[in-house]
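Whenever a hint applies, use it, and build me the whole structure from the sequences.
Numbers -42 to -1, 1 to 371, taken from mature numbering (1 follows the signal peptide of the UniProt record, and there is no 0), label the letters of the sequence shown in order.
For the record, the hints were derived by calculation from the structure and aren't laboratory data.
Among the hints, erroneous ones may be present.
[Said to hold, decoys possible] Taking CB as the label site, the calculated pair distances span: (1) 313 with 42: 56 to 62 angstroms; (2) 138 with 241: 36 to 42 angstroms; (3) 132 with 86: 26 to 32 angstroms; (4) 241 with 147: 34 to 40 angstroms; (5) 323 with 106: 57 to 63 angstroms; (6) 348 with 114: 42 to 48 angstroms; (7) 42 with 138: 48 to 54 angstroms; (8) 166 with 321: 17 to 23 angstroms; (9) 149 with 229: 26 to 32 angstroms; (10) 348 with 149: 16 to 22 angstroms; (11) 88 with 149: 47 to 53 angstroms; (12) 258 with 70: 53 to 59 angstroms; (13) 57 with 13: 22 to 28 angstroms.
Using N, Cα and C, we set each Cβ at its ideal position, and we do this for glycine too.
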Amino acid sequence: MHRYATQFASHGRRFQTPGWLVRLACLLALLCAGSMTDVASAQERTESSSVLSVEDRPWDNGDSLQVEITLAEAQFEALTAEEPTATLLLAQGGAYGELYSTVAEFPPNDGGWEVDDKKRQLTRRISELSSDHEYFYRVLLKNAAGEVSLLAETETARSPERQWFLGDKLPLAIVGIVICGSVILFIEIAKTGRELKVRKIAGLEAVDEAVGRATEMGRSVLYVPGIQDMNDIQTIAGLNILSHVARVAAEFDAKVEVPTSRALVMTAARETLQGSYMTAGRPDAYMPDLAYYVTDEQFGYVAFVSGKMVREKPAACFYLGAFFAESLILAETGNSVGAIQVAGTAQPSQLPFFVAACDYTLIGEELFAASAYLSGSPEELGSLKGQDVGKIIAAIGMIGGCLWLTFNMWPKI
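Shown next as structure tokens:
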């Protein structure tokens, strides 16, 4: 009897367990309902994302996002027809709940839209953004009647991210690496003793002739290093050439005068002259007064130098540095006294005057290449040849770009 009671009791306890099953079933039902809701929302997001996609633009400075809009065939045709019947509006908002403002429209295509006819896709780069802010986007379609409908919107905010490298600068980086590598390569080649061919510069080849003529005539050599201070690269290039001219003058026992319009240039010119005379083995012939300061005033300086040329009639005149309106005055005055004149500047507007009035003219970069040309230093020659590689690349790029643009536009002409 007790055994049956125990079984009954055990059966009674066993039949109480369906309550747990009911609760478990309810829990599973709730989970299924939640999953169904998640699936539905995921489908909505998928549908929305299939129309509107906002991604960070790769390899940028963290100031732009890329928006891609995929349209239905009817919508795409309405926007891209010769006479569009609808307008696409791209709106941007900041914080959640903030009012949206239109940042782009299509049509018309202002050049910022990329149109893919096969995918029926419009792509737009949104610039001038901040990586510290978040942005929401909406795509709206306005029909011919002016009615606006929402096509898609982003549910999560996006913010641009700054990258380590700028993709737009990649071609420049490649060219820079090639040029720097070429400079290093040619420097190492020059250090091995292999001769690097450099085009002859007629104006520098004439230095010996000009100084020799001054020696024969018993007259001085006038050297004008421009009217700018030492912070101008043309002045530095002019003083580099002065070193060679002064060394040749010391060997020929000729007098070199260097009037300057800046006190710092005067000091640098004196140091240059002293070093050149010592290199030539004539330190006793050096006189500090050969380089002197006149005035900072442009035409006051030019008046002094012109008057000195008329009075002393130098046999050779060198104008190498930065020149402006005074170039023609100096060149014509030197020409009137019969001096051999060698000029050089990187000022394009002054080169015609020097070319017309002087015997030899260093045009543009020849002024800066003179130091390497005269010294024969492996480092300077290697740098010069390496820069020539950069010029070749630039020339090929310009010619190739012109040809590509010409052939690309040929069917449209």
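Now the hints, each set against the structure:
Separation of residue 313 from residue 42 is about 58 angstroms and conforms to the stated range, judged on CB atoms against 56 to 62 angstroms. For the hinted restraint 36 to 42 angstroms between residue 138 and residue 241, the CB-CB distance of approximately 40 angstroms keeps it satisfied. Taking the beta carbon of each, residue 132 and residue 86 are about 28 angstroms apart, inside 26 to 32 angstroms as hinted. In this structure the hint that residue 241 and residue 147 lie 34 to 40 angstroms apart at CB holds, the actual value being about 36 angstroms.
Between residue 323 and residue 106 the beta carbon distance is about 60 angstroms. The supplied range of 57 to 63 angstroms therefore holds. The beta-carbon spacing between residue 348 and residue 114, approximately 47 angstroms, falls within the hinted interval of 42 to 48 angstroms. Residue 42 and residue 138 have their C-beta atoms about 51 angstroms apart, which keeps the hinted 48 to 54 angstroms range intact. In this structure the supplied range 17 to 23 angstroms holds for residue 166 paired with residue 321, their Cβ-Cβ distance being about 21 angstroms.
Separated by about 28 angstroms at the C-beta atoms, residue 149 and residue 229 satisfy the suggested range of 26 to 32 angstroms. Between residue 348 and residue 149, the C-beta spacing of about 21 angstroms keeps the proposed range 16 to 22 angstroms intact. At roughly 50 angstroms, the beta-carbon separation of residue 88 and residue 149 lies within the given 47 to 53 angstroms, and the hint holds. The given range of 53 to 59 angstroms is respected by residue 258 and residue 70, whose C-beta atoms sit roughly 55 angstroms from each other.
Between residue 57 and residue 13 the beta carbons are some 24 angstroms apart, a value that agrees with the proposed interval 22 to 28 angstroms.
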